[in-house]
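K.L.:
The lines below spell out each chain.
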Amino acid sequence: MAHFTKATSVKDWLNQRLAIEKVEKVMASEYWIPKNINFLWAMGMILAITFALLLVSGIFLLMYYQPHVDFAFDSVNYTIMREVDFGWLWRHVHGVAASVVFLVIYIHMFTGIYYGSYKKGREMIWISGMLLFVTFSAEAFSGYMLPWGQMSYWAGMVITNIFSLGDLHLDGLVEWIRGDYVPAQAFLTRFFMLHVLLLPLAIMGLIGLHFAALRIPHVNNQDGEEIDFEAESKKYLDGDKAGSKVMRFGNDFLSKDMMVVGVFLIFFFYLVFYNYSFALDPVNFDPADMLKTPAHIYPEWYFLWSYEILRPFSVNIGLIAFGFAQVIFVLLPWLDRSPNVAPANRRGAFSIWFWLLLIDMIVLTAMGKLPPEGIFSTIGLVAALGFIILWVALPFITMNEKKV
Amino acid sequence: MHNSSRRGFMGKAFGAVAGVGAVGSLVAMKKSWDPLPSVKAAGFTTLDMTIYPEGELITEKWRGKPIFVLKKTAEMIASQTESQKARSVTVGGSEFMIAIGLCTHLGCIPSYNPAEKSFLCACHGGMFNWAGEVTKVPPPRAFDIPPFKIEGNNMILGEVGPEYKAMKDSGITL
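Sequences listed follow chains A and B, in order. Residue numbering for the first sequence follows the numbering used here, beginning at 870 and increasing consecutively. Residue numbering for the second sequence follows the numbering used here, beginning at 3 and increasing consecutively.
Hints are supplied without guarantee of correctness; some may be wrong.
Quick list of in silico lysine to aspartate or glutamate cross-link-like pairs, DMTMM-like style, CA-CA up to 20 Å [said to hold, decoys possible]:
#1 K170(B) to D1036(A)
#2 K32(B) to D1097(A)
#3 K67(B) to E1044(A)
#4 K138(B) to D1158(A)
#5 K1161(A) to E62(B)
#6 K32(B) to D1036(A)
#7 K1161(A) to E84(B)
#8 K1161(A) to D50(B)
#9 K63(B) to D1158(A)
#10 K904(A) to D1155(A)
These are computed hints drawn from the structure, not numbers from a lab.
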């Protein structure tokens, strides 16, 4: 056993037993952040805060929610919304956060792409981030099932049917996932389990991995500059705070992060109190009816782009294109062949590629919401093909990139 | 050296035991997600085929899925093509179009338009004619036909009779 002395303070008592000073150094005071990063780098902190909001509001919803096909709809729309004091608040916080978290994830992702933060040495940050994106998608989908409205039911029907994989006709697999011939009690209860236990656990584990992946390569910066963190942090600790290119995470950099989080929270609670309905589809206020499909079914806005890649093709090609769209982002560190770690605006053709991709995904999102008729189908098809072409072209565009 | 090989053996032996346990638990996990016996037992529906009016689409329910039943009119029977005839089910002297009322694309319920005698799936714009065949993609194939068995004037959905087996073997339905 280690040697213990009489404690001089509570902190000292804890320090002898938990090494809290060491933890504080690793987590905050000697966790080094480059100085030249802008507000876009605060998206990670915003995501952490939003996840906490989802967790807390979810715990309160969980206390009254009933995972039963006969009671789920009323437990949400009557009990929580009308009977439980402040139940509406938890539901609106949960619903709005579920939607907004994707907006911030997309900003976080595109910031990473723009500044080349996925490049050599930082691949694990990118991969763990993409795994988080996939897990968040599953979390959002499983949560969408729980109020057991019309959109819940039919989204469950359509998404699980995707697992029959077109002409492979894996109907047994689909029935196995559902535990029934159609989405029913077994389906609701297992998606409830996934939503409140298994997927949140996976998300927390992945957040840990995502943070750990930052420790060795460190955060990228606005100029893609390679910083010698050891030398710079030594300069800082020796007192040359102005001359050092890095600063402490806590409490120095954290103040800037919290400033951005503060602005975000004002926007967030504005949505919660005054514009919550954007995250609640009216169709989902009809109870699930297995004998009637709503006229238009569409996913939440954050899935529209990949939904639109599935839609314009025949079933097999559509599924292949959809699968392509799901995994291609993960491969970005290897598809970008240029060694330059620099913002897109200094990288020539890559800059055009970046903006085309972003515009293409916005077009796909818009078309995914519109009914698949006439000119919208055509634009959707062109945008879907454009998405695939852009990714296939990426290695060729970046191969000949000039050194900057 | 002697010791380390002993440790190695113990490691491998432990690995083998744990491996058997892991595979066993995977089997249990797979099986717990299978449809429950009560769900499977409720998977049969008997329809009395004498009650249907001619030329009108009636939706029945089987295994939670809609089942389209359309008693064909003399006009429909006269205009049938060979492939449409092959999809026809005869019970008690009347011909029926029987189908699982889910679009074969991704499983929405197409709505029936009696004037046009056609089905439109609002989800992705697929269309079917009154006989259940695709007239507009994306659906990859005609409506699926549920497994059925004919007993007198009754039709039992969920059981496989000789008529259904013949349809399956000839590739008319999945």
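K.L.:
Where does the structure disagree with the numbered hints, that is, which hint numbers, in rising order?
P.N.:
When the structure is compared with the hints, numbers 2, 4, 6, 7, 8 and 10 turn out to be violated.
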